[in-house]
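Asker: Work out the full structure, taking the sequences as your base and the hints as a guide.
Sequences listed follow chains U and S, in order.
Sequential numbering of the first sequence, starting at 1, is according to this note's numbering.
Sequential numbering of the second sequence, starting at 1001, is according to this note's numbering.
Rather than coming from a laboratory, the hints here were simulated on the basis of the structure.
Small disclaimer: the values here were computed from a predicted structure and weren't measured.
Just so it is clear, CB atoms sit at the ideal spot from N, CA and C, and this is done for glycine as well.
Careful, some of the hints might be misleading.
[To be verified] Examples of chain U residues lying across from chain S (beta carbon under 8 angstroms, computed):
{"no.": "1", "residue": "Asn50"}
{"no.": "2", "residue": "Leu190"}
{"no.": "3", "residue": "Gln193"}
In case you want the letters, here they are:
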Amino acid sequence: MEFKDYYKVLGVERSAGEDEIKKAFRKLARKHHPDVSKAADAAARMQELNEAYDVLRDPQKRAAYDQLGKGWQGGQEFRPPPDWDAGFEFSGGPGEAGEFVDHSDFFEALFGAARRGGGRQRHAGARQPARGQDHHAKIVVPLEDAFHGATRVLSLRTPEIDPTGHVALRSRQLNVRIPKGIRAGQQVRLQGQGAPGIGGEASGDLYLEVQFEPHPRFRVEGRDLYLTLPVAPWEAALGASVPVRVPDGRLEMNVPAGSQSGRTLRLKGRGIPSAVPGDLYVVLQVVLPPAVSDEARALYKRMAEELPFDPRAGQEGEGWDRN
Amino acid sequence: MGSELIASGVRLGEEAWLELDEFARACGVDNAFVRMLVDEGLVALPAEAPPWCFGGAELARVRRIRRLQRDFEANLQSVAVMLDLIDEVERLRAALLRSNA
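Answerer: This is the structure:
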């Protein structure tokens, strides 16, 4: 596993005091918190910060970490020596009872066992029977999955306690069914896919949050889809039948004559499927052919001369200059 | 080592609700905490659900509350303000995306 340089993560010296560490954590938390930051890796970054703070703010953990980490650098391949933690007693982190927190391999190997029972556990047989913890995961799927349903592979890492009482992170892959009609942010409850129970008790559940990959053309809001459709001036002015690719196929859309840019057409029931399906809103965007050729320029000049049209008529008012 | 098993589940809020016990456990808190959040108006009981049953939106909200409490060492009143601001930002972002043809 990779050695984690917690001092580097928080941006403090190894000699930093408690106050300095707290300040450093707070400053970075404000910047990288996933509920506040839109960065794609915000959650992972926050996890790393929380882990570093958890270790460095706890005198016992920090002492053990300092002793263990002498001469090591972040990123190096690392293996803890046997009985590295002899003489140290760790307790679970503050206020973390019952909450599954995803840690790095490094943290789990060093401090994981403490979290699960409030104290070092070298004898596996001493554990109380208990229902397995619930886990939470997130999966990002293409929008098309909401229209057809799909089976996707989810990679999970679950901490497992081995016979000697130490914790290792086990990677596993789970095939999950993404149901048709799924909406962004919906949570799917997968019973029994959480942590295994202890002493014959039931396993916990896995709560899977589903989000959509950003789509190149559609924006999703609830069950509704929004699409911007470029149209030529003559299509908007004279009306036209325009082919549109939608997540569940193609359709021919009727652009009514006399449409202007920004006009929104509602296609009822063409949004995400459901008992009451969502709608597809198509926003027309009139695009002008570029006047790059002589012919094009001539055509435009003709239109200017032969079509009586003032786009700014009706905009008279205070502050409007009329030349 | 792969498995041919396909795990399927139920969509919270649409196909199934979580009762108070299950909900509290899924959020990593106790029943009293959930009751208090509802009482204080930080979490609303979903109108379409049976009494004291919760869906996915509520699950995400309570977990967010716990994260904000923990990571910012914020008291509940501060967290309430943060939640409102976060919701507003998300609303504005969505509106911006919709109008940015």
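Asker: Are the hints correct? Go through all of them and say.
Answerer: Structure-based check of all given hints:
1. Satisfaction of the interface hint for U:Asn50 is found here, the shortest Cβ-Cβ separation to chain S being roughly 7 angstroms, below the 8 angstroms cut-off.
2. Interface hint at U:Leu190: satisfied, since its Cβ lies 4 angstroms from the closest Cβ of chain S, which is below the 8 angstroms cut-off.
3. Interface restraint check for U:Gln193: the shortest CB-CB distance to chain S comes to about 6 angstroms, inside 8 angstroms, so the restraint holds.
Violation of the numbered hints given earlier is absent; every hint is satisfied by the structure.
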